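When you get a sec, could you build the whole thing from the sequences and use the hints?
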Amino acid sequence: MRTVFKTSYDADINLFRHKQQFGWYLALFALALALPFLLSNFALGEATNVLIWAIACMGLMILVGQSGQASLGHAAFLAIGCYANVLMQQRLGLPFLITFPLAGLIAGVAGALIALPMTKLHGIYLAIGTIAITILVEDFIVIAEPLTNGVIGLIPPPITIFGLVIDRYSTPNTLYYLTLGITLLVVLAYRNLQRSPLGRSFAAIRDSEISAQAMGVNVARTKAVAFGISTGITGLAGALMGHYAGIFNNETFNLIISIQLLLAIVIGGLGSIHGAFFGAAIVALLPQTIAFGRDMLGGLIGGGSIAIPGMEAAIFGLILILFILFEPMGIYGRWVKIRTYFELFPFYRKDMFRRQKAYLKTERMR
Amino acid sequence: MSLLELDNVTLRFGGLTAVSQVSFSVEEGEVFALVGPNGAGKSTIFNLISRIYDPAEGDIRFDGKSILDRKPHEIARLGIARTFQNIELFDQATVMQNLLVGRHRHRHSRMWSELLFTPFVRAEERRHREAIEKVIDFLDLQAYRDKYIAGLPYGVRKVVEMGRALAIEPRLLLLDEPASGLSVEETQDVAFWVEDIKKQMGVTVLMVEHDMHLVASVSDRVLALADGKMLAMGTPHEVQNHPKVVEAYIGVADEHEKVLA
Ligand SMILES: Nc1ncnc2c1ncn2[C@@H]1O[C@H](COP(=O)(O)OP(=O)(O)OP(=O)(O)O)[C@@H](O)[C@H]1O
Ligand SMILES: [Mg+2]
Numbered sequence: 001m002r003t004v005f006k007t008s009y010d011a012d013i014n015l016f017r018h019k020q021q022f023g024w025y026l027a028l029f030a031l032a033l034a035l036p037f038l039l040s041n042f043a044l045g046e047a048t049n050v051l052i053w054a055i056a057c058m059g060l061m062i063l064v065g066q067s068g069q070a071s072l073g074h075a076a077f078l079a080i081g082c083y084a085n086v087l088m089q090q091r092l093g094l095p096f097l098i099t100f101p102l103a104g105l106i107a108g109v110a111g112a113l114i115a116l117p118m119t120k121l122h123g124i125y126l127a128i129g130t131i132a133i134t135i136l137v138e139d140f141i142v143i144a145e146p147l148t149n150g151v152i153g154l155i156p157p158p159i160t161i162f163g164l165v166i167d168r169y170s171t172p173n174t175l176y177y178l179t180l181g182i183t184l185l186v187v188l189a190y191r192n193l194q195r196s197p198l199g200r201s202f203a204a205i206r207d208s209e210i211s212a213q214a215m216g217v218n219v220a221r222t223k224a225v226a227f228g229i230s231t232g233i234t235g236l237a238g239a240l241m242g243h244y245a246g247i248f249n250n251e252t253f254n255l256i257i258s259i260q261l262l263l264a265i266v267i268g269g270l271g272s273i274h275g276a277f278f279g280a281a282i283v284a285l286l287p288q289t290i291a292f293g294r295d296m297l298g299g300l301i302g303g304g305s306i307a308i309p310g311m312e313a314a315i316f317g318l319i320l321i322l323f324i325l326f327e328p329m330g331i332y333g334r335w336v337k338i339r340t341y342f343e344l345f346p347f348y349r350k351d352m353f354r355r356q357k358a359y360l361k362t363e364r365m366r
Numbered sequence: 001m002s003l004l005e006l007d008n009v010t011l012r013f014g015g016l017t018a019v020s021q022v023s024f025s026v027e028e029g030e031v032f033a034l035v036g037p038n039g040a041g042k043s044t045i046f047n048l049i050s051r052i053y054d055p056a057e058g059d060i061r062f063d064g065k066s067i068l069d070r071k072p073h074e075i076a077r078l079g080i081a082r083t084f085q086n087i088e089l090f091d092q093a094t095v096m097q098n099l100l101v102g103r104h105r106h107r108h109s110r111m112w113s114e115l116l117f118t119p120f121v122r123a124e125e126r127r128h129r130e131a132i133e134k135v136i137d138f139l140d141l142q143a144y145r146d147k148y149i150a151g152l153p154y155g156v157r158k159v160v161e162m163g164r165a166l167a168i169e170p171r172l173l174l175l176d177e178p179a180s181g182l183s184v185e186e187t188q189d190v191a192f193w194v195e196d197i198k199k200q201m202g203v204t205v206l207m208v209e210h211d212m213h214l215v216a217s218v219s220d221r222v223l224a225l226a227d228g229k230m231l232a233m234g235t236p237h238e239v240q241n242h243p244k245v246v247e248a249y250i251g252v253a254d255e256h257e258k259v260l261a
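Protein chains in written order, with my numbering: chain A, 1 to 366; chain B, 1 to 261.
Since the hints were made in silico from the structure, they are not lab data.
Just so it is clear, the structure is predicted and the values come from calculations on it, not from any experiment.
Just so you know, not all the hints are guaranteed correct.
[Said to hold, decoys possible] Partial pick of chain A residues on the chain B-facing surface, computed with a CB cut under 8 angstroms: (1) Tyr9; (2) Ala189; (3) Asn192; (4) Ser196; (5) Leu198; (6) Asp207; (7) Ile210; (8) Ser211; (9) Gln213; (10) Ala214; (11) Met215; (12) Gly216; (13) Val217; (14) Asn218; (15) Val219; (16) Gly298.
[Claimed, not checked] Derived DSSO-like pairs (lysine-lysine); straight-line CA-CA distance at most 27 angstroms: (17) B:Lys147 <-> A:Lys6; (18) A:Lys19 <-> B:Lys147; (19) A:Lys337 <-> B:Lys147.
Glycine included, each C-beta is placed from N, C-alpha and C at the ideal position.
Next comes the structure, spelled out in structure tokens:
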């Protein structure tokens, strides 16, 4: 474990703790930049998908990991971002560079407004309340057919930035780089949030509402702001998802997606940006992995590929159960342990990380 | 004018009158202690000042103005800080982050500038950290700066909670049993700190405490309560020897003996 000798206040404020850490992330960034030259078009598409999911996961992570509120309504905000982005392009003829941030803003404002009456709810009640949002938005997409084209769905135009046409199939590299750039901006915003007063007030309402309040934090407002920032980022992911999918309708953003998002951040590791990326990789790559495994299995046994309905959900559920049983801190928690093991070798103790991890501890006070 | 005035304050929980017609005032610059047996209503008085409960009757004034029209989160901005009897820290955050939440009252930046982390936000952060560093030095918390609360021993948590309240830079500090569960040495530290908080920082202290030794050594005035009612008020010496107080405590002591026997 490296000891950082702090010589200025900036040591705590800066984005990276030390030069080596900066070096590692620079290497990772270089790898990300080189990916289009290393991967096939298909694999690069999957990588783009992982990044889009990572944005969505970061959105939800801000809410659940930072502010301690649960939500099963985030598919709705993916949908709001997605439809807002495409409809503004199709109906109003606005360019992507304007519709994209606006889509995030619309999803964010919608989230904050919906959250206001819900901030009194805690834990499981809040989760149930937010399920309603997902279902309502799904129904609205069907009902508002003249606007949303209902169950038939919409086909988004390719992204156009200053005449540069970006499309998943004809220009996969450009779409990947665009997504990478947006992902990095979201990571930066997330990091900035964590190191500024607003982020700390999120942590405050997560861990003890009553003392947050005594410190002068307006609990209801802070919860709404957390919802707004969270759903805003989720809306951005939704907008990208629409362009990536090529066609979408009400079912693209159903309750299953909400659940998958929540599971992803739990599996990835609550409360960390790394966790959002790990979780995103699992959710985005699992269907392909299962399909691949099934084909292999089918080849081994003979008799072509076997299709078992509900297989994906079952495997996902199994992974989740295993994590909750054996690694409640998620993939990121496991990674931190392995890293510490090597850094301290041979002095690592087994119960080094034993401390209770209890989010959603909200119904305490009175 | 007194800094804090409680004027005939009554609070009922259903049939139970937890605080009954309590009146007292805390003068600027003094250490005022509330004592009394368990269930006397001491913490409830703190919660009334924090605006967690609305009194059924009476008025609470800070700096001459009623605070009954204030929301709970507006109390810190007035300059009233508090600790909790059962430590209420932000467990999944470091000591530093906990103390920084205490600076919330001094936040001038807005959401958008924080998301962009503008130079203004950075300058503010430096200012907050400078202020926090003073608290850390004052309470000798250097060794725990970057430790998570969840892994800290009880005594340290108590100190961190006091530090978080001091980070508010309050005019009035409410301490709910600052020495409960602490060792003799740690209790002595608390006594020194309370003295310094009063003399060096010029902060008025309203304190609930069971340790009569600590109360006698640091407080200027004491109010004894039992069953929500005022028993006696005066110097520590006067209150300790007041017949009603002796009776209330001996009553409790008798019960304890009965339980033990
Ligand atoms: N939220 C509540 N609902 C109902 N009764 C309450 C509530 N809070 C406190 N009480 C009751 O009010 C009375 C006073 O409680 P309070 O916590 O103020 O006592 P205290 O003087 O702080 O005692 P201690 O020394 O044990 O901390 C007790 O009888 C308690 O059970
Ligand atoms: Mg009490």
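Against the structure, the hints come out as follows:
The restraint placing Tyr9 (chain A) at the interface with chain B holds, with a minimum CB-CB distance near 4 angstroms, inside the 8 angstroms limit. Checking Ala189 (chain A) against chain B by beta carbon gives a least distance of about 5 angstroms; that is within 8 angstroms, so the hint holds. The closest approach between the C-beta of Asn192 (chain A) and any C-beta of chain B is roughly 4 angstroms, which is under the 8 angstroms cut-off, so the hint is satisfied. Look at Ser196 (chain A): its Cβ gets to within about 4 angstroms of chain B, closer than 8 angstroms, so that hint holds up.
The criterion of a C-beta within 8 angstroms of any C-beta in chain B is met by Leu198 (chain A), whose closest approach is roughly 5 angstroms, and the hint holds. The restraint placing Asp207 (chain A) at the interface with chain B holds, with a minimum CB-CB distance near 4 angstroms, inside the 8 angstroms limit. Given the 8 angstroms rule on beta carbons, the hint for Ile210 (chain A) holds: about 6 angstroms separates it from the nearest Cβ of chain B. Taken as an interface hint, Ser211 (chain A) checks out: its beta carbon lies about 4 angstroms from the nearest beta carbon of chain B, inside 8 angstroms.
Because the smallest distance between the Cβ of Gln213 (chain A) and any Cβ of chain B comes to about 5 angstroms, under 8 angstroms, the interface hint for this residue holds. With a least beta-carbon distance of about 5 angstroms to chain B, the hint placing Ala214 (chain A) at the interface is held under the 8 angstroms criterion. Taking 8 angstroms as the C-beta contact cut-off toward chain B, the hint placing Met215 (chain A) at the interface holds, the least distance being around 5 angstroms. A hinted interface residue such as Gly216 (chain A) counts as satisfied when its beta carbon comes closer than 8 angstroms to some beta carbon of chain B; here the least separation is about 3 angstroms, so the hint holds.
Given the 8 angstroms rule on beta carbons, the hint for Val217 (chain A) holds: about 6 angstroms separates it from the nearest Cβ of chain B. Interface restraint check for Asn218 (chain A): the shortest CB-CB distance to chain B comes to about 5 angstroms, inside 8 angstroms, so the restraint holds. Because the closest C-beta pair between Val219 (chain A) and chain B is about 7 angstroms apart, less than 8 angstroms, the hint holds. Here the hint on Gly298 (chain A) is broken, as its CB sits about 46 angstroms from the closest CB of chain B, past 8 angstroms.
With a C-alpha separation of about 15 angstroms, the suggested pair Lys147 (chain B) and Lys6 (chain A) falls inside the 27 angstroms cut-off, and the hint holds. Straight-line distance between C-alpha atoms of Lys19 (chain A) and Lys147 (chain B) comes to about 22 angstroms, which keeps the hinted pair within the 27 angstroms bound. Simply put, Lys337 (chain A) and Lys147 (chain B) have alpha-carbon atoms about 17 angstroms apart, close enough for the 27 angstroms limit, and the pair holds.
Hint 16 from the earlier list is the only one contradicted by this structure; the remaining hints agree with it.
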